[in-house]
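Visitor: Listed here are the chains, written in short residue letters.
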Amino acid sequence: MNKNIYISPFKGIDRRQFLKGLGAAIALPNLETFADKKNEKVAGARNFVAMGTYLGWHRESFYPKTEGAIKELPTTTKPLEKFASKMSIFSGLDHRAPNGHNAWANYMCGRKPGAYSLDQMIAAEIGQESRFSSLQLIAGSGEPSAIKAISFSKNGTSLPMIARPTVLYRKLFPTASDRKRAEYLLSTGTSVLDDVLVMTQTIQKDLSSKDKEKLSEYYDAIRTVEKDMAKHLKNVNVEIKAPSGATAPDSDPISPSLQIEASNMLYDLLVLALQSDSTRVATLLLDGLGQVFSLDGRKLGSGYHGLSHHGNDPNMIRDLVSIEKAHMACLARFLEKLESTQGSVTGKNLLDETIVVAGTGMGNASVHDNKDLPTLVVGGGLKHGKYHKFDRKGNVLLGNLYVSLQNQLGMNSTQFSNSTGNLNEVVL
Amino acid sequence: MKKSILFLYLVSTVIAMADPETIPPLLADMIYDKCSDCHDDVFAEANINLDMKSIDWTKEKHRDLWLKVLKVTKDGIMPPLDKDQPSLKERSELIAYLDKKLIANTKFGKASVRRLSNREYQKKIQTIFNYPEFKLKDGFPADHLYHGFDNQAKSLQISAPLMHAYVDTANSLADWYFYHENKPHQALDYYGGPSKMTQTFSSSEVRDNGKTLRLASRHAGSVFRACSWSSDLEIKTSGEYNIEVSSSTFKPKDNKPMVLELRARSRESSDRTYAHKFRILTTFEVNKTSPETFKASVILHEGETIMFRWANSEFDHTPEALIKVATDKFKKDPRYLAAWLEVAFPKGTKIKGSSKSKLRGLNGHLKIAEAYKKKDLNVSDAQIDSTRTKDFFTHLKHGGNSQLNYCDTWAHYIFENGPSLQVHGLKVTGPTKVVDSLRKVAQTKRRLELLGERKDNESDLAYAKRFIARFLPKAYNTQIEPEMLEYYNEMAEQQLKKGTSFDESMHFVLRAIIKSPRFIFRDLNGGSTEYNLASRLSYFLSSGPPDAKLMKAVANKSIMTDAELEAQVKRLLPKRIDDSFVQSFPEQWLNTHKLKHIMPDAGLKFSDDDVKTARLELHYFFLEILKKNLQLKEFIDPDFCFTKPSFAKKFYGLKTVEKGRYLKKMTMPRGHRHGGLLGMSSIMTATANGVDTEAVLRGVWFIENIIGRPTPAPPSEVPSIPPDTKGSQSPRDKVIRHTNDPKCSGCHQMIDPFGFAFENFNAVGVWRDKWPKYNIKIDPRSKLFDGTQIAGHADMKKWLVKNIDMFGQCLAEKLMTYALGRAPNYREQAEIKSIVQKNLKNKEGFQDLIIDLVKSQTFKAQE
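Residue numbers (the numbering used here), protein chains in the order written: chain U, 1 to 428; chain R, 1001 to 1863.
Please note that a few of the clues may not be correct.
Footprint (simulated), chain U over chain R, 3 or more residues, beta carbon under 8 Å [what the hints assert, rightly or not]:
hint	stretch
1	1158-1168
2	1190-1202
3	1264-1273
4	1596-1609
If you are wondering where the hints come from, they were derived from the structure by calculation, not from laboratory data. Nothing here was measured: the structure is a model prediction, and the numbers come from that model. The C-beta atom is built at its ideal place from N, Cα and C for all residues, glycine as well.
Whole structure, please, built from the sequences with the hints as guidance.
Guide: Encoded structure:
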């Protein structure tokens, strides 16, 4: 038997687990342990925002006609034309994820919908210093949705999304009474823990040493929580001032048919959130339900969802695209606001510092196909101005782009889900 | 040199130590010869050092070590095949020696303090607060699995994030009972015209440049088919409001008034909610064709908007109504019938479903209008009694979802041609009087349930104390020492003295009670033997704290008698599919909880629904064996299965006459490849990776969970990356190549044969004869570790039924592990073995096994 002293490079990882997982290892997201530490890089962007439409994008109206430099844009992306030099469009990229609405979450999660999502990975790295490590928003859903989600935590839990602008505003800029209540809960919370500690000691007399050991875990956890609370208590009642000119929304257009109105309000608040450094990471899900929109004074032929099943009917496509165009007009308005807002460094505006992704987890809602996901990236100091066309059966996956976006945000990522490399040469 | 050190060690131990027992010399020599090459104090391969001549059986460390030796010797895993092997006699002598010593020197174990698992914690809150809807919040730190189970003492740690989550849960629960935000009242002066009213694909339509909203149907189902509501109205303050609605009729059929029904629709409810779920506000009788204003005063609550419904429309989205109104029209205008037939039922074709013909809502209506205009429209069958029309009507009656879509299309005919009820505007002002919000009303009710009524002239403190005295024993499931009671009484008193309001004081006390270790931990009470037994039994079978009946048996100590214990088990055994034991034990035992995270590859044509069905199959199957008290062998080779008929036909190739959309019990011949645990889709899916199979994974699953013979972890020099298997002719070839190494083959000769026998099941458990990528025939033949030659899966099943004691022992140990929060020790395993043997010998059932396990020393002696 080989008796060399052998130090496993995978120290700390259960070997058996590792062997068992070998088959699936390829699909595992970002095994940090294996990240190449040599690739460290100064961040080129500091914020990350991703929006996605639940019903996909009509590809033909999204992608420019010709590859390379972006000159003219088709109907859907037309509103973004003024950002042509600050934007990259990608076709032919996807995560090789399953098809169908249920797999929509592949957008941010990769091959396995519901896995640790891109925004959450980013939030874990760059969001921890902000008041909110990330924000999840949704427009056009009506009811709170338990099934749909865009962002997923490391252990695969879908994160709840805020639909109401009034709620988001209050979260960003809590009222005096909110702050007082939070302070009360924290202060009395710690004193409750004091009491619990005293009580635990009285119980402890009767315990065996092994049981005492178990309880010491409880102590330790309580002490940490106490410290956290004390730290939090210091600034919980400090007023967070909204940037000047900002006003609190007074209504919540949560009806599906008021989606465009809601998107604009949420985007406006998102600018305030980034501007006040309340968060660095946000996602926005644009839901798609059956209610009928009226756009530019014209009632559309069917509900948003009905239109997405256009079956190549030209009238239905026209109406569908008019909704998608309206989404892009909202995005353009958001981008303009970011561009006209001072960034964290002199000479830079917020758009230069923010990577904005517009995409989806569904390539073609008419046939529920999740291949070739229309994706575009704006801002964030990336190399822009081109339409990049990839072979949808080729070797480049959407995950490759995500790796590059992570790198631009200063993360040493080399892998996202089933990515096969990165697109650093294309966008960095 | 090594030998001399060993010699010295031997001499010194013999002289110096009296307590430890010397290993019989023959065995000691054998161990030295055959094991110490790797397992000496220098190399201690796999951390096993057998350099000892005596064993201190009183030490757990020593017992654990020699238990490992016993296992690998039994299973022939050690020494590796390329090393010198002990003779059969030597092996069996070592086994007999270790077995005897381990049983004699292992004591029955004890319960260790452990926190509740998340599942148990949630159930406890649901039970204590009579709050069945309570769910842990998203992001509650997940439990780790140990021995495959979520309730094992070793893995139930308390981390800071978990403590934060406990604090957060305590806050929300206390808020739920005692905190209500006092929002300032907001005055409302609302006007909304038709353009502010919701339109879906068939519910209503805005016409006349936004001056009119037309309603067509009184459909009793989802509101998005027949109702409309103000999309931008949302009441902020609950109260009484004055409302004004302008309404008129459009082309009424007769003189009867049209009834406009107003309901209060929650803004956050689903469009799929049925109309009658919303509170009715008032009704108006409309019988003029010009707009008329109707007034009423109604109670509206926070978060509500106003919904309109035409309550007495002739059309209600049923096929009968559709045929009736359509027949009227078709008789008057046969060309319109011809247009419908043309679109929905083109001549010479089979009738298409509405989704295929795109005959949905407005789109369908426009298509028919287009066909109507066509010059060459075929009108030959356009009589109401033609065969084609009759066929079409028959299809309407039985078309399922199609008929609703056809009705959606017809709604648009009504919008255009009437009769229709019209709404022109809504005005809401108020509140003229403020009332408690629905949330507040519900809170007041549950607060009262928790606290009980306050007595006349009862002081805050007396009321608080009365609550604490009643609630504490419930929350901690035990009798409360006077000091403990005093402790919480003082807490309440201090809060009240400080001038904190009664509700805030109770908020404080409640938070303290549920953050206490007494609430979070099990078996912490230093409680009575009776209580601990009842608690263990209750968490075992119901995942929750003991109920009143158990507590009664604790109080009168009857729980300690076998008769009472048996009666309690029978009472607590799960009866329904969603009982916690059925939902959690089989999944954790057999790893099918993994299905939540597996998304089969598209190529396998196994949908999300199929995954759900597969997961449920196991639950139903398990419950059936339990409820019917069937013998353990039924787990392996039953004559029934539970699944959906379509699933059985599609994936199991089962010829069945059964029909229906739900899982049901179906007969399946014994010996069927998909019968029992070894052929279930859920298990085959959980032991693959969603794309392809790996024989080793399934082999490991089998030895760990079916026959209970886990092998040790691979030795350290096993490469973490598969060795070069280029040139492999098949997956089997690959495995054989990398287990040809004698260091691997010890375990793999145990693991792989079972894995190979499962290879005929693909990654979702569908039978196959060939490996898809290689296009070669699967070779499932093997020699099992006991020497049995098997030709494949069917033989493996036969072998297991013959050796059902292995399965029985494994299952019983898994049950005990789940019940105790730790794996049973060697002594306990021996007791379990006698229980299993008795069960099999007397042809007893699964229930009998559980009862005997609960009555065992192992389960009871946990003090």
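Visitor: State for each hint whether it applies.
Guide: Okay, the hints, checked on the actual structure:
{"no.": "1", "hint": "1158-1168", "in the structure": "holds (count 7)"}
{"no.": "2", "hint": "1190-1202", "in the structure": "holds (count 5)"}
{"no.": "3", "hint": "1264-1273", "in the structure": "holds (count 5)"}
{"no.": "4", "hint": "1596-1609", "in the structure": "holds (count 7)"}
Checked against the numbered hints given earlier, this structure breaks none of them.
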